[in-house]
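Taking the hints into account, I'd like the entire structure generated from these sequences.
Read top to bottom, the protein sequences are chains A and B. Each residue of the first sequence is one higher than the last, beginning at 1 in this note's numbering. Each residue of the second sequence is one higher than the last, beginning at 1 in this note's numbering.
I should point out that these hints are in silico values taken from the structure, not numbers from a laboratory. Hints are all accurate, no fakes.
EDC-like cross-link-like pairs, simulated, lysine to aspartate or glutamate; straight-line CA separation at most 16 Å:
| # | chain 1 | residue 1 | chain 2 | residue 2 |
| --- | --- | --- | --- | --- |
| 1 | A | 401 | B | 239 |
| 2 | A | 154 | B | 111 |
| 3 | A | 19 | A | 309 |
| 4 | A | 401 | A | 200 |
| 5 | A | 154 | A | 128 |
| 6 | A | 154 | A | 131 |
Take a look at the letters that make up each chain.
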Amino acid sequence: MTLTVQAASIQAATFAVLKEAFEAANPGISVKIQTISDDQKQTTNLQVVTGSNPPDVAFVPTNSNVYTSALEVDGLLPLTDVWENQKLDSRYDASTAAATKAADGIPYVVTTDNLLYNVAFYNKDLFEQADITVPENRRIPDNETLYEIADKLKAIGVAPVNFSGKDIFAAGWLIDGLLPTAATPSEMENYLTSYNPGIEVTVEYTDQPFVQTIEQLAEWAEHGVFQDGFLGQDLATALAQFQQGQAGIFIGASAHVASLTESGLSYDWLLLPPVEGSTTTVTLPSYQGDSWAVPAKADHPDEAKLFLEFMMSDEMQVEAFGGNDILPIVNTVSLDQLTELDPVTRSLVEDTVANGAPIGWTSAVPGAFGQTHIGGQVQALWSGQASVSSVAEAQQAELLKVREG
Amino acid sequence: MALVGLFFVVPIVQAVTVSLSGWPGVGPVEIEGLGNYAAVLASPEFYHSLLRTVVFAVVVAFGIVSIATLLAAAVSRRVRGARIYRVIWFIPGIAPAAAVAVYWNTAFQPEIGTVNAIAGLLGLNTNSALLASPSTALYPVILVSIWSGVGFAFILILGGMEQIPVSVYEAASIDGASPARQFFSLTLPLLRPILSITATLNLIWAFNNFTTVWGMTNGGPGLATTTLPVLVYRTAFIDGQFGEGSAIAVIAGAILLVLGFVSLRITQSRGVS
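Right, here's the structure in full:
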């Protein structure tokens, strides 16, 4: 029999390992990997997952409309048995376990890895050429220093900060880095959960923390921090330009480490500054929404669950995920076990141990409310079609709409 | 009749049904009324998008037909290399639209794009970022849509030109008509039926063009290149509001039907006269 498994394109290497190992461990079962794009996983995959011929294992990010809509029509099988067999309640951190379960407390997905994003990878050679000193704590302290770095990079003829402004999710990455530096912990908690009508709204999107965050984004663009034409450039192009030494900094994620290292570039990472005047330490936002489910109409649900259990085993978390510079999510795998981890990825993890890596705002709230809605709004802001206040008001209006269902 | 039902009536009925519901993309469709239409017609985004779509479609259709006619006239007149041009000008028409969009998105990038590289060779600014500005982002999309649409129109029009009897041109030459006069007074009037159907088809295709626009700009920056098909996609698949997305699609379909009908009526009546 053939088991059809969906995979994100960026995790192709991980799934190649999983396929080979699973087939070796389960003679008679052949695995067919079905790669889906970043666009599909948030949009048209809903019709695939809930249709009459779904894959056996579906890629269903928990912050996507696909997940929430599929749950509404009982389109996913409960995975309580998979969670029990793999002891996921204890192998996930408590907050991850809670966030991964549906509102009724039943798990319908397993989440496999931890992605750290909004990482400002920088080209060491270009920094040296431009006489830029990297702060010891890897954190650009303020806007003034950021503008100075951007000016120095432009002076040597390269783009300053390469950023995929064309992609709808991109603005959300920057917001996820900035918002925790503008909001208090309790305000942040409310921003992460207030889309749920059962939670009282104690801080609005028209209030200072969110407004200050959007103001910061507007100011960075005005000061020419990003590359020319960034609103027309997607992630692949922005990354390629950085890999070719045409940009000093690239805003990416831990999942980009493998391809950056492979390109032979001499690089390291740092973090963009907090909102103006904030003394809060900037942290790496984390995303724990890469999740897999078994569609209710899957042809081989038992084998699909077997595959999910296999994915979540410590062995595969180390080999398939850690071995491809994707961070395992279970707490039964220690950093020492990840011997194949790239030193850059290792340093990212070490930073999260020291400073924490709270879940990002766009990673926690539903995609249509967070990622895609704010992405379009901020694009409009950057291109002069919206103001800071109109973006904030639009987000608050969207909150009320989501809460009304 | 069964085919008409299968390919026209069923999809239209389904689209209208969904447009009257709050369908989230899965599950049964429950009709709720005309709320989606009211929301769409009250939305400034819809009108901006409609205006953008009409401008885009008219400019692209006009550009395609004009250029294709000139190219066909040149080939028909047996300019040097006509046989090769016949193939070369058709090639963009057979390239996959998604690949075309991805290539041209890269080509228009500042510094690294082919367009800017050529501009540099001509001593012009190599740093223009047409796709990144709301005031210019639609121009490259229009250019690329014309570039990729010319090939098919060229073949149609060339076929029409080659049906015109040579004796007509010989008689005109004897009467002293210059090549330009022959083109405007003979070729174009005799080609009117083909030109009108080509223009109408291209108007419809441009109005419905999703792949090129989405591939090059994602409808951005902001909403600067969000044509109606892109707005339908964003509303239905990104925002998960399939009812409202279908309402936009139904309204757009009705507008297109009227535009196509008017276009055909105008060209047919001129053809008869």
